Amino acid sequence: MYQFNYRKASSVEQAADLRANADDGVYLAGGMTLIPTLKQRLAAPSDVIDVGGLDDLGGLDVGATVRIGALTTHADVAASSEVRNALAALSDLAEGIGDAHVRNRGTIGGSVANSDPAADYPAAVVALGATVHTNRRSIAGVDFFRDLFETALEEGEIITSVEFPIPARAAYAKFPNPASRYAIVGVMVAEVDGTVCVGVTGAGPCAFRSAELEAALAGGLSVAALDGVSIPSGNFNSDLHASAEYRAHLVVVMARRAVAQLA
Amino acid sequence: MEVTLSVNGTSHTLDVPDNALLVEVLRERLGLTGTHVGCDTSQCGACVVHMDGRAVKSCTVLAGQADGADVTTIEGIGTADELHPMQEAFRECHALQCGFCTPGMIMAAIDLVQTNGNLDEQAVRDGLEGNLCRCTGYHNIVRAVLAARDNM
Amino acid sequence: MADTQTGIGAAVRRKEDARFITGAGRYTDDIDQAGQAYAVFLRSPHARATIGGIDRAAALQVSGVAAVYTGADLVADGIGDLPCGWLVKSKDGSDMIQPPHPPLAVDRVNYVGEPYGVVIADTLQAARDGAEAVVTDFNELPAVVDVATADQADQIHEPVPNNQCYDWELGDSAATDAAFAAADHVASLDIVNNRLIPNAMEPRAAVGDYDAASGVYTLYTTSQNPHLERLVLAAFVQVAPESRLRVVSPDVGGGFGSKIFVYAEETAVIWAAGKLRRPIKWRAERSESFLADAHGRDHVTKAELALSADGTFLGLRVNTIANMGAYLSTFASSVPTYLYGTLMAGQYKTPAIHVGVRALFTNTAPVDAYRGAGRPEATYVVERLVETAARELSMDPSEIRRRNFIQPDDFPYETPVALTYDTGDYEASLDKALQHADYQGFSARRAASEANGNRRGIGFSSYIEACGLAPSQVALSLGAGVGLFESAEVRVNVTGSVTVITGSHSHGQGHETTFAQVVSDQLGISIDDVEVVHGDTGRSDYGLGTYGSRSIAVGGSALTRATEKIVAKGKKIVAHNFETTDDNIDFEDGVFSERESNRSMTFAEVAFASYVPANFPLDELEPGLSEKAFYDPGNFTYPAGTHVCEVEIDGETGVPTIMAFVAVDDFGHVINPMIVEGQVHGGLCQGIGQALLEHGVYDEAGQLVTGSYMDYCMPRADDVPSFTVDTTVTPCTHNPLGVKGCGEAGAIGATAAVMNAVTDALGVKSLAMPATSETIWKALGSAG
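In order, the protein sequence lines correspond to chains A, B and C.
Numbering that gives the first Met the number 0 puts the first sequence at residues 0 to 262.
Numbering that gives the first Met the number 0 puts the second sequence at residues 0 to 151.
Numbering that gives the first Met the number 0 puts the third sequence at residues 0 to 783.
None of these hints come from the bench; they were simulated from the model.
Owing to the predicted nature of the structure, the values given are computational and were not obtained by experimental measurement.
Treat each hint with caution, since some may be false.
[What the hints assert, rightly or not] A short, non-exhaustive set of chain C residues, derived as facing chain A with CB atoms under 10 Å:
id: 1; residue: Thr3
id: 2; residue: Gln4
id: 3; residue: Ser707
[Stated by the list, open to error] Quick list of simulated restraints, FRET-style, between CB atoms:
id: 4; chain 1: C; residue 1: Gly51; chain 2: B; residue 2: Glu120; range: 22 to 32 Å
id: 5; chain 1: A; residue 1: Asp226; chain 2: C; residue 2: Asn161; range: 47 to 57 Å
id: 6; chain 1: C; residue 1: Arg25; chain 2: B; residue 2: Glu1; range: 27 to 37 Å
id: 7; chain 1: A; residue 1: Glu244; chain 2: B; residue 2: Asp149; range: 44 to 54 Å
id: 8; chain 1: C; residue 1: Pro44; chain 2: A; residue 2: Ala151; range: 28 to 38 Å
id: 9; chain 1: A; residue 1: Leu41; chain 2: C; residue 2: Gln32; range: 43 to 53 Å
Ideal Cβ placement from N, Cα and C applies to all residues, glycine included.
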């Protein structure tokens with residue numbers, strides 16, 4: 000790691016001030032992505048602003064929606080019986096992120112803010128039409144992810160919570176990278192307000208909704224509806240672990256498996 | 000900067016660099032070298048300790064983040080004369096060879112048993128995905144965790 | 000008393016575990032010296048480049064930086080090259096060509112990660128900052144990455160035309176050609192044995208210390224064989240004479256071959272400790288381990304098996320290109336030759352075999368021994384071919400093996416590839432494996448998988464290995480640079496406890512337990528009274544360390560020879576006490592007794608008497624009770640067995656799942672079955688890893704693509720099943736314990752079994768390793 004100033008924020012406002020006054024500040028939540036990046040000297044921030052202690056960014060609120068505080072860990076989401084009762088697909092998704100130790104530290108806010116193309120939460124954010132609340136505004140989930148590691152967040156903006164509508168039905172299926180255990184592809188299929196939505200992560204530069212799969216499933220959520228369906232692999236990621244073509248195939252297979260869970 | 004942590008029941012107030020990692024504090028400042036470093040991408044799990052009761056990778060926690068926390072390391076769970084049931088199970092089941100992954104593996108396994116009511120073999124294998132071992136092929140580690148499950 | 004609970008054959012819980020499970024193990028990185036500095040190496044970012052200049056001025060300005068050394072500094076100080084310890088001759092009689100291998104590159108670099116300098120500073124942070132401040136002028140050259148075409152690519156080393164280190168052969172070429180001419184059927188395969196990166200969980204490390212008062216250098220390092228480390232550093236690199244160089248390998252966190260070798264880093268660290276008169280510490284980051292630990296395997300092979308119509312093997316022809324990487328690592332040359340070609344007979348009576356191996360250099364990390372070293376590659380060739388032949392002749396894969404096995408009454412059996420197997424019963428292991436695997440029930444299981452839209456396959460591997468390295472006479476005649484015996488010292492202390500000092504080294508194998516079992520059994524004393532010391536050239540005479548499944552077969556034999564001497568001396572002491580002759584004294588279960596009398600002395604009494612030498616006839620009987628032995632084996636040992644793997648393949652995704660894995664191995668007599676099973680488990684996991692997960696990949700520019708656990712796929716707990724492990728026993732005929740060695744068997748046998756199962760499931764002849772889900776998915780498509 001390069002040297003930096005570690006600043007522990009005591010409020011969202013103070014965090015934003017610290018960031019605004021830093022030469023090159025970054026926010027630190029759980030640190031599951033940022034700290035490895037710092038350790039490898041791939042980033043050299045002047046200030047690391049730890050928002051991890053901010054109580055008002057924690058917690059879970061399950062009512063008409065599932066509202067998850069930005070600092071809520073994956074483990075806490077996975078373990079919450081309230082979340083499981085309301086939105087089991089999200090519990091399943093959280094339970095499959097990283098490994099146990101990562102889930103004990105990693106947070107939903109950190110995950111979403113990072114827009115890692117292989118992160119799990121983004122599939123749920125776009126599929127369920129979640130709202131990303133920040134210290135400045137609320138952003139529709141479907142508009143949130145812009146590109147590889149690029150989101151709608153402005154400089155210094157802090158995610159405070161992510162709010163998911165409760166769908167009639169939803170399920171998540173993930174095909175993990177055998178080495179890193181990130182998603183090679185992850186697919187969430189949901190029925191929200193009578194509309195079938197399919198959120199895909201891992202396949203492209205950032206999470207997206209699959210028009211092809213949504214069209215195929217519009218007539219009904221059945222595995223058979225996906226028979227013979229294929230999706231274009233044109234802009235998909237291609238690496239050592241999976242070609243774009245294989246990813247495109249896996250997206251359909253994972254969609255089938257998610258739909259099968261709904262039956 | 001100054002941090003205060005409780006480690007294995009003893010409180011320490013230390014002046015550390017802003018970029019110090021928890022594992023560096025444990026190993027280099029407190030001499031607790033049972034916690035190991037096996038990778039630089041936060042994946043091998045050799046450095047797992049408990050922070051406020053949960054298993055974390057101490058190589059991926061800044062000292063500042065651990066300020067005020069309760070930390071338990073492999074040195075804090077049992078002694079040679081009075082082993083923790085997980086330590087005892089690892090010995091009894093030959094769940095270690097070179098011993099390098101062992102402290103992290105044991106700390107991970109304890110958290111796994113504590114947070115999961117009904118562990119079967121598959122759940123143990125899934126639950127240990129954050130800990131690499133190159134010696135045992137995991138066979139005896141899985142046996143040990145299942146054995147300790149019944150004694151914890 | 001000899002104790003059936005702790006003696007030879009008992010599943011004794013390990014003595015060393017007490018420290019490992021409490022966090023009290025002491026690894027190299029746990030060692031700190033007062034006033035120590037930290038080393039960070041300058042590593043080449045390019046696969047091939049010349050170095051125009053190295054500007055260290057800015058680095059020296061970084062606060063805390065004590066020195067920046069480059070390759071030229073070592074050369075100027077008379078530091079020699081890192082040698083390769085095995086001279087292989089080409090088939091035309093010429094010596095292999097060994098390019099210069101300076102510990103720190105001087106004017107050119109030849110692989111990404113090659114060290115060319117070292118920055119030493121008061122803190123690790125300062126050393127890292129210093130390393131970043133060094134400005135190096137590289138002139139990048141095209142990299143030679145593909146080994147299959149390396150002989151036609153740019154010449155990497157000035158003295159090595161066509162990048163060829165040697166062109167070696169073994170066996171009878173004419174007889175093999177004749178066998179193929181007479182064959183009814185020829186099975187052939189093109190095989191790539193994928194490059195692996197060893198990944199012991201403890202990264203390599205070194206702490207160098209120089210004591211100016213005595214002139215003694217002490218190197219703590221992660222070595223599998225500290226004496227060899229000392230020998231090379233003294234005799235070849237010339238850091239210091241052996242008498243003033245102590246090498247200590249404390250607890251070492253796994254090796255698997257990668258810590259046999261003498262590397263640049265510890266060389267530079269111990270040298271610099273002398274230059275700066277200050278302790279220096281280095282610990283590899285994992286990313287450095289990926290780049291600069293010696294890798295394993297990496298062969299390209301064409302193999303053919305000639306058969307008669309009834310499935311009898313007539314001849315085997317193998318041509319292999321072996322990737323050496325950029326330089327010859329310590330034992331690199333021996334791996335694809337004497338540890339590979341010599342194993343091509345497998346368990347079979349193949350009458351004619353010819354093996355040709357060309358070793359080529361590329362701009363990649365050096366390749367050397369990795370668990371099994373040559374023998375997994377040989378087994379993979381033979382066992383994939385045998386399975387292929389069975390399929391092509393529509394024979395049951397177990398039956399074609401049975402038909403060709405060397406039979407128990409054929410031993411000793413001289414193979415056409417220079418080895419003489421002493422003993423074995425291959426059908427016994429095969430039969431037991433078939434039973435454990437419920438081979439009869441396989442077709443029903445396959446049908447059930449297919450009914451679910453999946454595929455299922457079963458695969459065999461009846462491997463043999465030559466281990467217990469090695470008879471020095473044989474090794475030296477074939478080009479080894481050192482003898483391969485082992486030493487042991489049994490030091491009986493005054494009150495009867497015993498200190499055992501071995502030249503073997505444990506980095507997970509449990510010597511502190513098994514060696515204590517052997518000694519307690521042989522001397523009839525409690526295992527608690529035996530302490531095993533290893534890993535310190537300051538405490539043991541000499542030793543060759545641990546690799547090649549040699550510790551119990553060679554080191555344990557040395558130990559046995561030493562305890563025999565202890566008993567003989569004890570008898571003399573007792574005879575003196577009883578005023579009789581030693582041929583009247585018996586020794587059993589820790590008691591020396593006079594035949595035809597009721598007089599006896601316990602082992603502890605004899606120990607005490609030996610140090611209280613009242614009236615000893617000093618010209619015949621020296622005081623004390625401490626004996627040493629050097630044991631040089633008469634032959635290799637030949638563990639063998641059959642592994643059976645059953646896989647299911649997800650018909651939609653191609654994901655392979657190992658449903659069952661059976662390993663039945665013949666290790667001869669077993670000292671501690673618990674430890675032996677553990678060794679097998681670990682080996683199997685590595686063998687499975689090679690087949691399904693692991694691959695060291697360089698891109699065309701020679702950059703390592705799989706440089707971290709994000710991309711190099713290590714087997715995790717949920718990638719492997721619980722294993723079914725069993726043994727058969729034919730005792731080794733030529734060592735005193737009848738033992739063979741078990742450390743590598745799992746890794747040697749497993750890979751072929753897995754790939755035979757995967758190809759069986761898919762109905763394809765061959766498939767590249769690792770058989771990833773995508774590779775399999777594509778094969779599913781092409782297989783219809």
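Evaluation of the provided hints:
| no. | hint | in the structure |
| --- | --- | --- |
| 1 | Thr3 | violated, 42 Å |
| 2 | Gln4 | violated, 38 Å |
| 3 | Ser707 | holds, 9 Å |
| 4 | C:Gly51 / B:Glu120: 22 to 32 Å | violated, 58 Å |
| 5 | A:Asp226 / C:Asn161: 47 to 57 Å | holds, 55 Å |
| 6 | C:Arg25 / B:Glu1: 27 to 37 Å | holds, 30 Å |
| 7 | A:Glu244 / B:Asp149: 44 to 54 Å | holds, 48 Å |
| 8 | C:Pro44 / A:Ala151: 28 to 38 Å | holds, 36 Å |
| 9 | A:Leu41 / C:Gln32: 43 to 53 Å | violated, 32 Å |
In the structure shown, a violation is registered for the earlier hints numbered 1, 2, 4, 9, in ascending order.
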